[in-house]
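*Asks:* Generate the whole structure from the sequences, applying the supplied hints.
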Amino acid sequence: MFKRSEQDKRPPVEIFVDGTAITAQQGDTVSAALLASGRDVRRSTAVSGAPRLPYCMMGVCFDCLVTIDGVGNRQGCLVPVAEGMQIEIQKGKREIGR
Amino acid sequence: MSKAFSSEVDAGSREENASKQESEVPFRFNRNGASREYDVAVVGGGLLGSAIAWGLGRLGKSVAVLDEGDITKRASRANFALVWVQSKGLGMPAYTVWTVQASQAWGRLASELKQQTGLDVSLQQNGGFHLTLGEDEFGQRAELVKRMHNQTGAADYKMEMLPASEVKKALPLIGPEVSGGSFCPLDGHVNSLRTFRAFHTGFKAFGIDYLPERAVSAISKSGGEFRLTTPQGEVRASKIVLAAGNANQTLAPMVGLYAPMGPTRGQIVVTERTMPFLPHPLTTIRQTDEGTVMIGDSKEDELDDRALKHSVSAVMADRAQRMFPHLARLNVIRSWAGIRVMPQDGFPIYDQSETHPGAFVACCHSGVTLASNHAFEIARMVAQGALEPELVGAFSASRFGGAGAANDSGY
Chain A
1 MFKRSEQDKR PPVEIFVDGT AITAQQGDTV SAALLASGRD VRRSTAVSGA
51 PRLPYCMMGV CFDCLVTIDG VGNRQGCLVP VAEGMQIEIQ KGKREIGR
Chain B
1001 MSKAFSSEVD AGSREENASK QESEVPFRFN RNGASREYDV AVVGGGLLGS
1051 AIAWGLGRLG KSVAVLDEGD ITKRASRANF ALVWVQSKGL GMPAYTVWTV
1101 QASQAWGRLA SELKQQTGLD VSLQQNGGFH LTLGEDEFGQ RAELVKRMHN
1151 QTGAADYKME MLPASEVKKA LPLIGPEVSG GSFCPLDGHV NSLRTFRAFH
1201 TGFKAFGIDY LPERAVSAIS KSGGEFRLTT PQGEVRASKI VLAAGNANQT
1251 LAPMVGLYAP MGPTRGQIVV TERTMPFLPH PLTTIRQTDE GTVMIGDSKE
1301 DELDDRALKH SVSAVMADRA QRMFPHLARL NVIRSWAGIR VMPQDGFPIY
1351 DQSETHPGAF VACCHSGVTL ASNHAFEIAR MVAQGALEPE LVGAFSASRF
1401 GGAGAANDSG Y
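Protein chains in written order, with my numbering: chain A, 1 to 98; chain B, 1001 to 1411.
Some clues are possibly wrong.
Partial list, derived from the structure: chain A residues whose beta carbon lies under 10 Å from chain B [stated by the list, open to error]:
#, residue
1, N73
2, G92
3, E95
4, R98
Far from chain A by the CB rule (all over 10 Å, computed), these chain B residues [what the hints assert, rightly or not]:
#, residue
5, G1091
6, G1107
7, V1145
8, P1231
9, P1263
10, H1280
11, G1291
12, D1301
13, D1318
14, R1329
15, I1339
16, T1355
Honestly, the hints are just simulated from the structure, not real lab data.
Cβ atoms here follow ideal geometry from the backbone N, Cα and C, with glycine treated the same way.
*Replies:* In structure tokens form, the structure reads like this:
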């Protein structure tokens, strides 16, 4: 659905989504990188389990919740990618220990 | 998913029924604006008034519920949602009997509400804990359990003190500072907001008229009927039940009743939703059916609920994370203060007027725990026209002797 601009020459950053290596670009937010990856990155919501993708991309809607480096319920749209970052698509509620 | 969808459809059709009722409203009013006479007018549409009104509707009575507006201070939307037994009733053995009866009747209430409205109030009654931090607290709690146990005429709460090693078997995530706690197998919790909604949904099915923006300013009785003055006209009824929370203090004297209240404030901290980790509710921590963790519950001697005392929230949060260190990782998503309904000595007041027969008053702090008794027992007694002394005689306001009392109830 999303295509990167060919004029965008920012350097690549490698992140991992559920263990699979993905090439993002420096300055991407986690949510932008996930959307651009072309993968199915839908999380499921905490109560009904409905599928959700990042929506507002500005920290308001909380539909981008994702587990980043072992910490659940992070807002992917507010966190810039970093080399080697481990992303897990969160299914349902956050686990209390992570 | 399909179940959720069909219940939404049901709700929609009930809304339609409700609007049909609305369209009939003009026929209930004559040209003077006076309404028809109801069997019972319940003053107060919170959890207490709603439970009694629902119970009266269940018995086939015509009922009006006179409520204030949406922004009214309402303990029904600001409570901790425990269906709680342990540690209640020291100093009034009858209250222990009443509380155990309520706890045991809750399952029937939940299933009747489910059957009628399709709403599952998520009642869970597998026993609750009160955890202690350090040896001093453990000793104090053990002393309380002993005093409860030795109270003559009290119901058996089956409370027991458990060392930390035993607590850990039921609550594996407790931290090293937990010294143990008391366990009562009768304790539980419920989704109290959904319970509140279920009662109001049930109103429609029973044909109960819910009348908002009807704060009562005066009550008179003539020719065997009560007339209640509200900003939107008069409501008439053969009987009235005052269930207006702390406002009962001013309403009760209008019909020869007495309801001394001593309201307090409580604060709650709520975390983001997390996977179920807490299989039993605690006096101060519980995980809701939808995953949030509620941390309570303070008791403050003030009545302004617009601002929080962060020092109080900090103590509650600190104690909670010493009980369950994992909680420290969760984000707090909101915290709030609410005004609690509190009879002056902490125990419920159920009374009937001698000067104005047919007028009843009901006040209590534990509107969630006692909801089953209000729906089944209080409603039944109001319908039959007299409170039964053997059941609720101890809760008459005559215990105050016309003067105030100290609150030693444990709340």
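*Asks:* Enumerate the violated hints, using their earlier numbering and listing them in ascending order.
*Replies:* 11 and 14
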